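Student: The chain contents come next:
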Amino acid sequence: MSNLLILPIILPMLVGTILIFFAKNHSLQRVIAGITAVLLLILAFYLAHEVYYHPQQTMILELGNWSPPFGIVLVADMFATLMVILSSIVGMLCLFFAFKTIETERAKHYFYPFYFFLLTGVNGAFLTGDLFNLFVFFEVMLLSSYVLIVNGGTNYQLRESFKYVVINMIASAFFLVGLAYIYAVTGTLNMADLAEKVGVLEQQGVLNVIAIVFLFVFGAKGALFPLYFWLPNSYYGPPAAVSALFGGLLTKVGIYAIIRTFTLIFTHNTGFTHDIILALAGLTMFFGVLGAVSQFDFKRILSYHIISQVGYMVMGLGIYTQLALAGAIYYIAHHIIVKAALFLFAGATEKITGETSLYKMGGLLRSHPLLGWLFFISAMSLAGIPPLSGFFSKFALILSGIQEERYVIVVVSLLVGLLTLFSMMKIFMYAFWGEQKIPTEKVDKKETMGLLKPIIPLVILTIALGLSAEPIFQFSLGVADQIMDPSNYIDSVLNQD
Amino acid sequence: MFEAALIVALIIMSVSVFLCFIRVVIGPSVSDRVVALDLIGIHLIGIVGMLMILHESLYYVEVVLVLGILAFIGTIALSKFIEGGVVIDRDHR
Amino acid sequence: MKNNVSLQTVTRLTVFIVLAFSIYLLLAGHHAPGGGFIGGLMAASAIVLLYLSFGMKKISKVFTISYPYLIAVGLLLAMGTGFIGVLVGDPFLTQYYDYFYIPFLGTVELTTALIFDIGVYFVVVGVALFSILTIAEDDA
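Residue numbers (numbering that gives the first Met the number 0), protein chains in the order written: chain A, 0 to 496; chain B, 0 to 92; chain C, 0 to 139.
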């Protein structure tokens, strides 16, 4: 029992509520929001430290003093705390970018409160140990994301966010259906208890159906193969700070939920479920990258890349060995950071040139060299060029694929890596290389520096993740080891002393 | 015997709700639809009341009251809409 | 505008009944059907009834509170009860109850969950009215 676990959830919620009172005062909102974001990051690191040195490396909190499986528990194992750290890092830096780019008009319409409610939902979804509570936190997150995605109310945003809302509503309805099914079969919604009971029932018949329902739900939220069509258009509309946060975090919550449920609960029929996941992973990464190759818009290319890279994370789960899961976890960390950075770059270039179409940009490297080269580093990291973080995570995934003799997925992922490199180079060639299309006298060095400040830490992080691959990979292996063996999770929730 | 009568009444009420629903769908004018919707609300109150007798429980009293209030306000809002096209007046006299 | 005398007369009476009912639902909610959510919904419908029969301008003069602030206050109340447990050293959201003697009412069970419910009540009233009035401002 430690109340520390509730803090990453309740702190953003509390501050978001307080910010409602100051909705009209933009500068005060910024001060409070900034301080909170830093606090949240410190808190996340402290929580991770506590969990890491805990004897079982898993901490739980029984909300309302109701013991599991009757009450709701929060469970912080190493995977969850790692995700909380990542969400806090991205949340903080995107917030700092939002300070520079969000207009007062948007801030007046409750931008900052809902930003923090979103973080509440994300952190809650990572930390909860109850399937229904996961649904609730998904809804908290999605409701805030609906507000953030229409905030500003341009015609494009209203049109595309409608699709976003509809697809998420349908997925949530199916989530509820799945919860009803699994409650009818097992009589519990506590994840640890479910893991035990599904193990006793040996996951046959209807439990496989339920597993697929959950895969569908989380796949729709995490943009897996047949259900990714909503993503590129809806992430295109909102301001860059929001699309960076969405692109970095939101789909990863769906992926986290997939990994959590399919390493903890539905683990007894891997020949069926995990093979489907692997096939979906291959299709997702392939079609996502094809979309990216065919686009000529900065933000849209990045959105399609989210889809293709979701494939890599799920591929780690599909192969289902310790090495593969470690690779997937490393890849999630790498992806959240790099993708947020790239979206922020898109926002910065949009702010500088006023365009997102690659045809209308050009020669930014001459007028903004720092921006250009930092973008180059992140793009190379995304494409998986050593010694940056993308390389080592993909290497682990592909190595495990070869070990398990899953050659098709290995070939697909290598091909996708190549196409990723191609489309990243396309952005670099069109937007930064070539002849200058905006007049030099419009260049404002100070403004550019202000825009770059929140991005530089992300770029440094991706370099650091790559250079210190050895310790970080050891850590990922530890995390993977923990989630590959659900008995630790079950014991610390149900059989505590 | 009493129970059987209740069940028969419930069935008749359900059929009646269905008929009202048909009126809501086809109803040539808006006022037909509003009246039919109000009727559905009142039928629901009756159905819940009979369920209360059937289950010998008082727990549904609140449901009856809530349904009554909501049906009342809904009908008023709809009638105001038919009358003037504006549900909540900006300024009133 | 048209003449709404009968509606206004009925409203003057029913609003108090509905508001009393909403308070009843709020207080009954601990062991019986009811609670902050449905109570708040009833209060909101009473106020909507006022808006319907007397119009925006007149009622806005009476209710000068801003609904977003009401939502925020409700959320803070609800979250605040969670922290009572933290202060004592129990897990977040732990609820406490005791029996008190109150004149005219006799011995009553009072819980911290009631404060949580009052928070929910405020949030629901705020959200319902805020969204209804936002939509109402849009037509015409």
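FYI, nobody ran anything at the bench for these hints, they're computed from the structure. Where hints are given, some of them may not hold.
The calculated DMTMM-like cross-link candidates involving lysine to aspartate or glutamate, where the alpha carbons are at most 20 Å apart (straight line), are [said to hold, decoys possible]:
#1 A/K436 to A/E446
#2 C/K57 to C/E136
#3 A/K99 to A/E446
#4 A/K107 to C/E136
#5 B/K79 to C/E136
#6 A/K425 to A/E354
Which chain C residues stay away from chain A? Per the calculated CB distances, all over 12 Å, these [unchecked claim]:
#7 K56
#8 S65
#9 V122
Which stretches of chain A does chain C cover? Using the computed rule of at least three CB atoms under 8 Å from a CB of chain C, they are [stated by the list, open to error]:
#10 7-18
#11 57-69
These numbers were taken from a predicted model, which means no experiment stands behind them. Ideal Cβ positions, reconstructed from N, Cα and C, are used throughout, including at glycine.
Student: Hint by hint, say whether it matches the structure.
Tutor: A quick look at each hint next to the structure:
1. A/K436 to A/E446: holds, 19 Å
2. C/K57 to C/E136: Status holds; Cα separation ~15 Å.
3. A/K99 to A/E446: holds, 9 Å
4. A/K107 to C/E136: The given pair, whose Cα atoms are some 19 Å apart, holds under the 20 Å limit.
5. B/K79 to C/E136: holds, 16 Å
6. A/K425 to A/E354: holds, 16 Å
7. K56: C/K56 clear of chain A: closest Cβ-Cβ about 23 Å, beyond 12 Å.
8. S65: violated, 10 Å
9. V122: The claim breaks: C/V122 does not keep its Cβ more than 12 Å from every Cβ of chain A (closest is about 10 Å).
10. 7-18: holds (count 5)
11. 57-69: holds (count 5)
Against the hints set out earlier in the document, violations occur for numbers 8 and 9.
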